[in-house]
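**Student:** Listed here are the chains, written in short residue letters.
Number of protein chains: 4
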Amino acid sequence: MIRAGVVGGTGYTGVELLRILALHTEVEVAVVTSRADAGTRVDAVYPSLRGMIDAMFSVPELESLATCDVVFFATPNGTAMLMAEGLLARGVKVIDLSADFRIKDASEWSAWYGMEHACPELIAEAVYGLPELNRDAIKSAQLIACPGCYPTAVQLGFLPLIEAGLIDTDFLIADVKSGVSGAGRKAELATLMSETGESFKAYAVKGHRHLPEISQGLTMIAGKPVGLTFVPHLTPMIRGIHATLYARLNDTKGGSSTLAELQVLYEARYVQEFFVDVLPQGVHPDTRNVRGSNNCQMSIFQPQGSETLVILSVIDNLVKGAAGQAVQNMNLMFGFKEEAGLKVIALYP
Amino acid sequence: MIRAGVVGGTGYTGVELLRILALHTEVEVAVVTSRADAGTRVDAVYPSLRGMIDAMFSVPELESLATCDVVFFATPNGTAMLMAEGLLARGVKVIDLSADFRIKDASEWSAWYGMEHACPELIAEAVYGLPELNRDAIKSAQLIACPGCYPTAVQLGFLPLIEAGLIDTDFLIADVKSGVSGAGRKAELATLMSETGESFKAYAVKGHRHLPEISQGLTMIAGKPVGLTFVPHLTPMIRGIHATLYARLNDTKGGSSTLAELQVLYEARYVQEFFVDVLPQGVHPDTRNVRGSNNCQMSIFQPQGSETLVILSVIDNLVKGAAGQAVQNMNLMFGFKEEAGLKVIALYP
Amino acid sequence: MIRAGVVGGTGYTGVELLRILALHTEVEVAVVTSRADAGTRVDAVYPSLRGMIDAMFSVPELESLATCDVVFFATPNGTAMLMAEGLLARGVKVIDLSADFRIKDASEWSAWYGMEHACPELIAEAVYGLPELNRDAIKSAQLIACPGCYPTAVQLGFLPLIEAGLIDTDFLIADVKSGVSGAGRKAELATLMSETGESFKAYAVKGHRHLPEISQGLTMIAGKPVGLTFVPHLTPMIRGIHATLYARLNDTKGGSSTLAELQVLYEARYVQEFFVDVLPQGVHPDTRNVRGSNNCQMSIFQPQGSETLVILSVIDNLVKGAAGQAVQNMNLMFGFKEEAGLKVIALYP
Amino acid sequence: MIRAGVVGGTGYTGVELLRILALHTEVEVAVVTSRADAGTRVDAVYPSLRGMIDAMFSVPELESLATCDVVFFATPNGTAMLMAEGLLARGVKVIDLSADFRIKDASEWSAWYGMEHACPELIAEAVYGLPELNRDAIKSAQLIACPGCYPTAVQLGFLPLIEAGLIDTDFLIADVKSGVSGAGRKAELATLMSETGESFKAYAVKGHRHLPEISQGLTMIAGKPVGLTFVPHLTPMIRGIHATLYARLNDTKGGSSTLAELQVLYEARYVQEFFVDVLPQGVHPDTRNVRGSNNCQMSIFQPQGSETLVILSVIDNLVKGAAGQAVQNMNLMFGFKEEAGLKVIALYP
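Chain order of the listed sequences is A, B, C and D.
Everything in the first sequence is counted per the numbering used here, starting at 545 for the first residue and increasing by one.
Everything in the second sequence is counted per the numbering used here, starting at 545 for the first residue and increasing by one.
Everything in the third sequence is counted per the numbering used here, starting at 545 for the first residue and increasing by one.
Everything in the fourth sequence is counted per the numbering used here, starting at 545 for the first residue and increasing by one.
In case anyone wonders, no lab produced these hints; they're calculated from the structure.
Misleading hints may appear alongside valid ones.
The list makes no distinction among identical chains, and a pair is therefore deemed to hold if it is satisfied within one copy or across any two copies.
Unchecked claim - List of simulated lysine-lysine pairs, DSS-like, C-alpha gap at most 30 Å:
#1 768 to 683
#2 768 to 887
#3 881 to 683
#4 683 to 648
#5 648 to 768
#6 730 to 683
#7 797 to 750
#8 750 to 730
#9 648 to 750
#10 730 to 648
#11 730 to 768
#12 881 to 768
#13 750 to 887
As the structure is a computational prediction, the values presented were derived from the model and not from experiment.
The shape of chain A in the complex, shown without the other chains (with noise of 0.2 Å):
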C-alpha cells in the first residue's frame, strides 16, 4: 500500500485520478489539494464519490505532500514545475499530467505555452509517460511527463507504421475530434453546452499546442523530423477523442504492402499490449467502446486499395487520455500489475 497524493483535485482529470485510485487495491489516497477548495470535502464536491473516498481538499504543501510516495499533478500548465523538484528532492515519485515536462526543448516549450520554464534540467531526466513505446524508462523513472490526450491517440496510431517505415512521414494528417471534458472544468463560454451541444467544429488549426508534441514523439520514433499536419475539432459529447490518421504508403518498403500485410503488423505490434486492442479487419472503432475505460481501440484501412492508409483510433480522454495512463504509469513505477485498478469495462451504452 503506497501513499499517493493528488494535487489539483478538482478538474476532470483530478476527479478521475481519485475515481480510479479510490478502488485501487495497492493505493491510499493520502492528500487531496485544491486552493479554491480548500478545506472542502472532496465528496461535498463530487457527490459521485461520496462512500468511497474520506477526505478533504487542503492547500498544497510541500510538507504534506512529501509524506506520499507518489504525487500527481492534475494542475493546469506552470505548476507542477514549480513544485516537482522540492517532492523529488524528498524521494518522492511525481507524476504530472499537465504538459510541463514534455517538451524535451524548453524554448519550443516557452513558445507554445507562453511562459518561461521554471524548472528546465528536470526536463531532459524526464520519461515520457507513453508506456507502449517507453515502458523500460518508465519503471525507473522518478519523474514522468504524461502525453496529451490527442498525442496518445495519435501516436499509438501511427506508431507501427512509422517503426516499420512504410509511410512517407513527410505528410501526415491527424485529423481528431474530441469529447468537450478535453477543455477542462473551467467556467467559459466557449464549453457551455448552449455553445458546444449539437455543433461540431474545428478549432485551433493554425497551431495547437498538442502539435509539437506529437511531431517530438513521431520524430523520435521515425529517427528523423516527420511533417504533419494536426487538426483537432470539438464533438459534442463529453468524453472521447476518435484521431482520423492518413499516411501515404513510400515507395521503399511500403510499396508492396497489402492490408492484410499492415493488420498483421498491428496485431503483432500490440499482442502484448493490456490496452491496446487492434481490432479485426474492417471493423470500426467507436468512443463509446472505450469510455471509462483505459483501452485504445484501433483499425486499419486501405480505402480503394489506394497508397493512402486510414488508421481510426480512439481512447477516452479522460483515462487512457489523461488519469489511466497516469495510474498505468504509477504501477509501472512501483511494480504493479500494469492494469491494477484499471481493469475495467467501458461504459456501453
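Position chains B, C and D against the provided structure of chain A, taking the given hints into account.
**Tutor:** Positioned in the frame of chain A, the structure of chains B, C and D alone reads:
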C-alpha cells in the same frame, strides 16, 4: 465460483449484466443466449467486452442453462415465464429482469401486458427483488422478480414516509424522467437520436405498465390502497432516471413534522443500505452522480415550508434499475457480500 | 417601419431577438448595445447573423436609444429599471424581457431578487406581457414586463381550468423541465456541457424566482391566493421547456367534468390564439415540435379517470418564453399583425 | 404560384421540404405522398406543421402528381428513376433529392447502389443541381439531380482551389463529419440515441456511395481524374455536416501562393453567391451557425505555413445538403428569386 447464465444477452440490460458479471470474482459467465446472434462471439456484437468475456451467444436451451447455478432473464416480457419452471425444477435459481413475475394478480398482469400468463402458479413464489424492502425473503428465494426501473426509483423515494405513516397516500404524484436506454435496444423510429435528441416529452400518461407495479408496492408498504398519479417522461440522455415525488403531509402524524425530522427519518431508514444514499439537506441529486453505479441518491425538500413534500430520487436505470439490482439480489441469494461486483464509482463527468 | 433598439444584445434572448427582428418586415434594428462587445460587429460575435444584420454593438446610452420607437431590454435583472423611465419620458415604448417589472409587490421583488427596486413607481404601470391573458392592456401599454419562460408555460397550461373554476387551487403542482439555454450565456461551471450533458437534475427546489411570478399570475386569474409547488429541472438539451402540471378537480364545479368536456374547454379557450395549440386528445406534446417557433403546444389528460388532471405544455424558452413573446407584444403595441415576423415552423428534427 | 408535389414526404428530407415550401410565397404544396401514411393528415405525423400544412398523405400516383408544376422526390434510392420519365413526359419538372440521377456512368451507379438503373437514358439529361457550379444549366433543366449532403460540402470547399489549378489533385483528403439525421428516418439499431449519443465513429471507410459522386464532380472541375480519400464520420448531433479538407499546393501554380492570396481567391469565387459565405481569415466555421439555414460557411487555413492547406466547410445536411438546395434549384428553374423561401437565419443556440 458459481456458474451464471444470461438469457437475452443482446439487450441493454443483458450487456449491462455481462459488464458487471465479467468482473465479479465469484461468478463465471457460463452461458449467454440470443436467438438472433447465436453462433456469434459476444465481443463481436459488443466490442466494449473484448478481452473480458470469452463466449459465444447460443440458442436458449434448458439443457445448457440447467448447468448453471443461476440464470438471469434479460428478455422481453413473456419469455421468462415459459422457462422459469423448468429451471427451478432442476435446482437453478432464476432472476427475472423482465416483468413476468412482478405483479401478484395474474389477471391484472394480463390486462397490462396483453397476454395470458403462462405460469401463474409461480407468481406467488416469486420474491420481489427490492433488497431494501425484502432482503430476508430474497436471501432464501429461488425465483426473483426484479423491479422495473421506474418502480425502483419511486418506491425507494416514498418508502420512509409511507412506512412512518406521515403522508396522505391517497394523493401521491410521481413525475419521473428516464434516459432513452430504458426503451431498450430495438430498431424503432421513436428512439432514434433524431427523434429523441434535443427534445423532451411525456409519454403513456394515460397509463404505463409500471403503474400497477408501483401501486402494488406502495400499497404493500402502506397496508392499504394508495392513489398514485405516475407520469413518465423521456429525457435526451442515455442513462439515468430522476424521480420527482410529491406527497402531502397528513393531518394525523405528518402535520407537525419539520424538515429536519424528515431528514433524520430518511437517513435513519437507509443508514445501513450500501446502495441508498440520502444527500445532505438542500443538495439536489443529479443522475450523472450515479451513472454506471448501483447507487440511488435522494433528498427531501419542503418548499416554502408548505405541507407538500418533494422527494428527489435518482438511479441509473440499467444498474440499480435493472442489471445491478439483479446482481445485488444474486449476491444475497448466494451469500456473497451484497456489494460484490458492484463497488464501482459513477462515471463523472 | 419602426426603429428598434436591443439593450443587452449578447445574451441568448438578445441574439434571439435579433434573429427574429432581422427578418421582421416592419422593423429596422437601429441600435444594439453591449458594454462588453461595444465596437465589435454583431455578426463577428454571432456568425449566424452574417449578411442579415449590418450593425455594431454600442455602449447603451439614452441618447441613441431614444431615437428608437421601441427598446427591448434583454439584460440581466436590475438594468431595465435604471433606464426605462428615461426612455418612456422620451416617448419610447419599452419591452423588458428581464424580471424588473414582473412582480407587482416591490418588496417581494426585492426579497427574491436581492436588490432594492430602483423604480418602484413604474411597476404599476407595467403591463404583464402575456397576450393570451392581457391582449387589450398590451395594445395600449408603454411598458411591458415580459413573462419568464417557466411562467409562460405554466400559466398557459393552468389558465382554462382556473378561469372555469374547476380545480382546487390550493394544491397545484408544476413540475417543469428546461433546456440549458434558460441559464443564459454566462461563463459558469454549472452549465458546461460536461456538467449538464447526459444528466438530469432538479434545482432551486426550496424556491425559484419564478415562483412568485407564477403565483401572482395564477392568483390574479383565480381571484384568490393559490397554493403552488413549483419544481424546476435542467434537462440535457439546449432549447425547450416542458411543463407537467397536476391539479385536482374540485368538488364544486370540477367533480362531474369528463375528459371530453375538458378537451372542449381547452380548445375553446385557445381557438382564437395563433400561438397556442391544443393537441388532439391523447397526443403528447414534444418540445422539438415548437423548437425555434413561438408556439405553445399542450394537451390535457385524466390518467385512470382519477380526479387528478395532468396538463402538458411545451414552449421554446427563448421564443415564446422570451424573444418571440416580446415581439408578439411589440406587434400588438404597434398595431402590426400579431404573428408578423413570427410565422415560422419549428425546426424538426 | 406554382403547384408542387413531394413524393416520400415522411423522411427527414421530405418533412424539411414541407417546412420550407409551406412558407414559400410562390408555391402551393399540392400533393404529398407516402405509401405508409396514405390517408393520414401530414400534421398528425408532424405536429410541428400544425396550422401550416393542410394536407393528407396520398399514395404516389402519376395522375395526381402530373397536376403539379414540379415534383420533388425525397425517396429512397431507386424510386425516382421509376417515375421521372412519366412526369417529364407530362411536362412536369422533376427535382430528385435521391441519388438516382447523380452518377453519369450507369454501370458505376449500379455497382455502388446495388441495382440496375431503370432509366439510364435520362441520366445524361439530368442536371447536377449544385447552383454554384451549374447555375445556367439548372435554369433550363427539366430534371435535376440534387447533390448528396457530403458532396455539397466537399465540392464547395475544394472548388476554388481546383478551378485555379493550385493543388495536387492526385492526393485530396476529405474527412467529413455528419449529424445522424443524414442516416434518415428509418427504424434502425445503428441510429438509436443509445447507440449514437455520446459517441463518435467513422463508418464506410472502405467506400461510401458519395465517393464516386464527389470524384465525378471534382474530376469535372479539374478536367482530369482526381485521387480522393473520403472518410465519413457520425457525430452525436442531429443536423450538420463539417468537412475538413486537406490538399497540397502543387509545384506549378500553387507553390508561391500566400494564405492572403488564397483568402482573396475564395472570397472572389463566392462573392456573388447568396448561400456561400467565406469567413474572415482565422475564423473557424461551426455547424450551429448554419443549422436550419441554406448557408455554407467555410474558411481556409495553411497551418504552420506548410504546403498542406486545410479547408473547413459546414452546411446543414438537411437544408443546403438536401431540401434547401432542392428549393434553390426550383427557384432557378422557375425564375423566382434564388433565395425565395430560403432567407432564414440559423437557429443559434
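**Student:** Now tell me, hint by hint, if it's right for this structure.
**Tutor:** Verification of the supplied hints:
1. With identical chains, the CA atoms of residue 768 and residue 683 are at most 30 Å apart within one copy only, with a shortest distance of 26 Å there and 56 Å across copies.
2. In this assembly of identical chains, the alpha carbons of residue 768 and residue 887 never lie at most 30 Å apart, being 36 Å within a copy and 48 Å across copies at closest.
3. For the identical chains of this complex, residue 881 and residue 683 are intra-copy neighbours only, at 12 Å inside a copy versus 36 Å across copies, given an alpha-carbon limit of 30 Å.
4. For the homomeric pair residue 683 and residue 648, the shortest alpha-carbon distance inside one copy (20 Å) is at most 30 Å, but the shortest distance between copies (61 Å) is not.
5. In the homo-oligomer, the alpha carbons of residue 648 and residue 768 lie at most 30 Å apart inside one protomer (15 Å), although the nearest pairing across protomers, at 46 Å, exceeds that limit.
6. In this assembly of identical chains, the alpha carbons of residue 730 and residue 683 never lie at most 30 Å apart, being 34 Å within a copy and 46 Å across copies at closest.
7. Taking the shortest alpha-carbon separations for residue 797 and residue 750, only the inter-copy value of 23 Å comes in at or below 30 Å, while the best intra-copy value is 32 Å.
8. In this homomeric assembly, residue 750 and residue 730 come within 30 Å of each other (Cα to Cα) both inside a single copy, at 23 Å, and across copies, at 27 Å.
9. For the homomeric pair residue 648 and residue 750, the shortest alpha-carbon distance inside one copy (22 Å) is at most 30 Å, but the shortest distance between copies (39 Å) is not.
10. Taking identical chains as interchangeable, the C-alpha atoms of residue 730 and residue 648 lie at most 30 Å apart only when both belong to the same chain, with a minimum of 28 Å there against 38 Å between chains.
11. In this assembly of identical chains, residue 730 and residue 768 lie within 30 Å of each other by CA distance neither inside one copy nor across copies; the values are 38 Å within and 47 Å between.
12. For a Cα distance limit of 30 Å, the shortest separation of residue 881 from residue 768 qualifies neither inside one copy, at 34 Å, nor across copies, at 57 Å.
13. Taking the shortest alpha-carbon separations for residue 750 and residue 887, neither the intra-copy value of 38 Å nor the inter-copy value of 33 Å comes in at or below 30 Å.
The structure fails to meet hints 2, 6, 11, 12 and 13 from the earlier list, while all remaining hints are met.
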